[in-house]
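Protein sequences, first through last, are from chains A and B. Be aware that the first sequence starts at 278, since it is given in the working numbering, and climbs by one per residue. Be aware that the second sequence starts at 2, since it is given in the working numbering, and climbs by one per residue.
By construction, these hints were calculated from the structure, which means they are not laboratory data. Note that this is a predicted model, so its numbers are computed, not measured. One or more of the hints may lead you astray.
In silico DSS-like cross-links for lysine-lysine, where the CA-CA straight-line distance does not exceed 27 Å [said to hold, decoys possible]:
#	chain 1	residue 1	chain 2	residue 2
1	A	K378	B	K200
2	B	K182	A	K378
3	A	K378	B	K256
4	B	K283	B	K227
5	A	K364	B	K200
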Amino acid sequence: MQYLYKITKEMEVKLHTLLAEVQELKNKAREIEEENVRLRKELADIYRTGLDEGAGGGTGSLQKGLFNLLGLYDHGFHICNVYFGRKRAGDCLFCMAFLRKEKKLPAKQAASEM
Amino acid sequence: MHFSSTKEELLNAIQVVQRAVSLRNPLPILSGIKFETGEGSVTISATDLELGISCSFPAEVSEQGKTVLPARVITELARRFPDVKIFFKSDPLNGSVIIQYGKSEASINGYPVEEFPEFTIPADNTKFTISGEILKDVISQVIFATARDENRPLYTGILFEINNSTANIVATDTHRLAWRKILLDDIGDLDINLIIPGKTLNELTRVAGLSDRLDITVAENQVIFKTENICLISRLIGGNFPNYRQVIPSEYISKTRLKTRDLIEASERASLLTREGAPIIKISIENNILVVSVNTEAGRMREEMSVYHEGEGLQFAFNARYLNDALKAIGTDEVVLEFTGPLSPVIIKPVEEMEYLSLLLPVRLREES
Chain A
278 MQYLYKITKE MEVKLHTLLA EVQELKNKAR EIEEENVRLR KELADIYRTG LDEGAGGGTG
338 SLQKGLFNLL GLYDHGFHIC NVYFGRKRAG DCLFCMAFLR KEKKLPAKQA ASEM
Chain B
2 MHFSSTKEEL LNAIQVVQRA VSLRNPLPIL SGIKFETGEG SVTISATDLE LGISCSFPAE
62 VSEQGKTVLP ARVITELARR FPDVKIFFKS DPLNGSVIIQ YGKSEASING YPVEEFPEFT
122 IPADNTKFTI SGEILKDVIS QVIFATARDE NRPLYTGILF EINNSTANIV ATDTHRLAWR
182 KILLDDIGDL DINLIIPGKT LNELTRVAGL SDRLDITVAE NQVIFKTENI CLISRLIGGN
242 FPNYRQVIPS EYISKTRLKT RDLIEASERA SLLTREGAPI IKISIENNIL VVSVNTEAGR
302 MREEMSVYHE GEGLQFAFNA RYLNDALKAI GTDEVVLEFT GPLSPVIIKP VEEMEYLSLL
362 LPVRLREES
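Model the full assembly from the supplied sequences, consistent with the hints where possible.
What follows is the structure in structure tokens.
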């Protein structure tokens, strides 16, 4: 019985250690998730600022903002509002729809400036 | 518990519910099938906590009761029973069930029945009815576009946007999209959006009969499909489905009408020469001739077919698997491909008047980008 008690006690200690490790992993995962959200937000802000500046500075700057977005997309990141800044696998319908929409804007703006 | 039934009735019911059995779940009770007697019938059920299926079958019940038996054992046994009446009798002393068939008997050790999760239907719910045939048809047309990636749960589901007697049913994995609109009778002023897991709908099409009217009950985070003898309960996927309307192009620059089977067969043959994991084929259209071609290390292939083409000639590359999924889902002899631009998806529609379309993005080839 003494032996069984010892084994159970050891198992209890191991389980406590395991639980502590799981808790630590959980905390790390949360930290990484939070950092990921913050980074994606920062990235979105940078591009939004670029687009806003472009809109203020005329069609050429807007085209540059669009070019940057296209660059980001070509580097394998989503630029759509669904998954902005996340790594993408293959082409995305929502990113393409966004690009189509943005491509129409400079044309409309140029037409209104004429 | 004491009842008897035929092998056929028992086996049919077990084959329906065993699709929800969870053999890999750490909870052993979920690898079991619950048997519960009623008045002249037995209801059996299984669940993996995401999806639950129950099925009733007629039986001669002489003593009420319930038990949970290991799914693997009872399924295989039911398949191998001789074609005679099967008697089930539980032993309350040790929780086992004695199964008698002909002059033979087996005793199966069960699980504690009180551990089996209950299927609870919340009182506050919305109900409507739909034809099983229509629902099956719709599911088969859109389910191919759902995502398999469990890291993006929203896209593993199908959106049912029900409003003013119409339902827009949409699936997308963000690379392709399928949309179908149907009219629903007798649903009043129902206005709800549901995202139902693709797996649930896949199982539903397997277990529910074509002629059945399906009673659908929607609770806060659950949906229940009921036919005369089958009940399927599933969780709903939370979150907001993205605005799918923004990705459907409103105009096209050229369109082609062709025989669906011709293109499926040509692209299947061409994809045999493509690299595994990247079945990219080229399609070019000029002077009412569509050419499917592929040129890889494995070899090259070129197939021509006659089509009706309106607009400029064009050349695109597609993922052959995605293209075939979309073409096979249409279910019509002829298909119309509407091309909307190099960065835009091709719209795939049936020739017949039907409110259905699917979108497929062309593949941007390296030398073109």
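How the hints compare with the structure:
no.: 1; hint: A:K378 / B:K200; in the structure: violated (34 Å)
no.: 2; hint: B:K182 / A:K378; in the structure: holds (25 Å)
no.: 3; hint: A:K378 / B:K256; in the structure: holds (22 Å)
no.: 4; hint: B:K283 / B:K227; in the structure: violated (46 Å)
no.: 5; hint: A:K364 / B:K200; in the structure: holds (26 Å)
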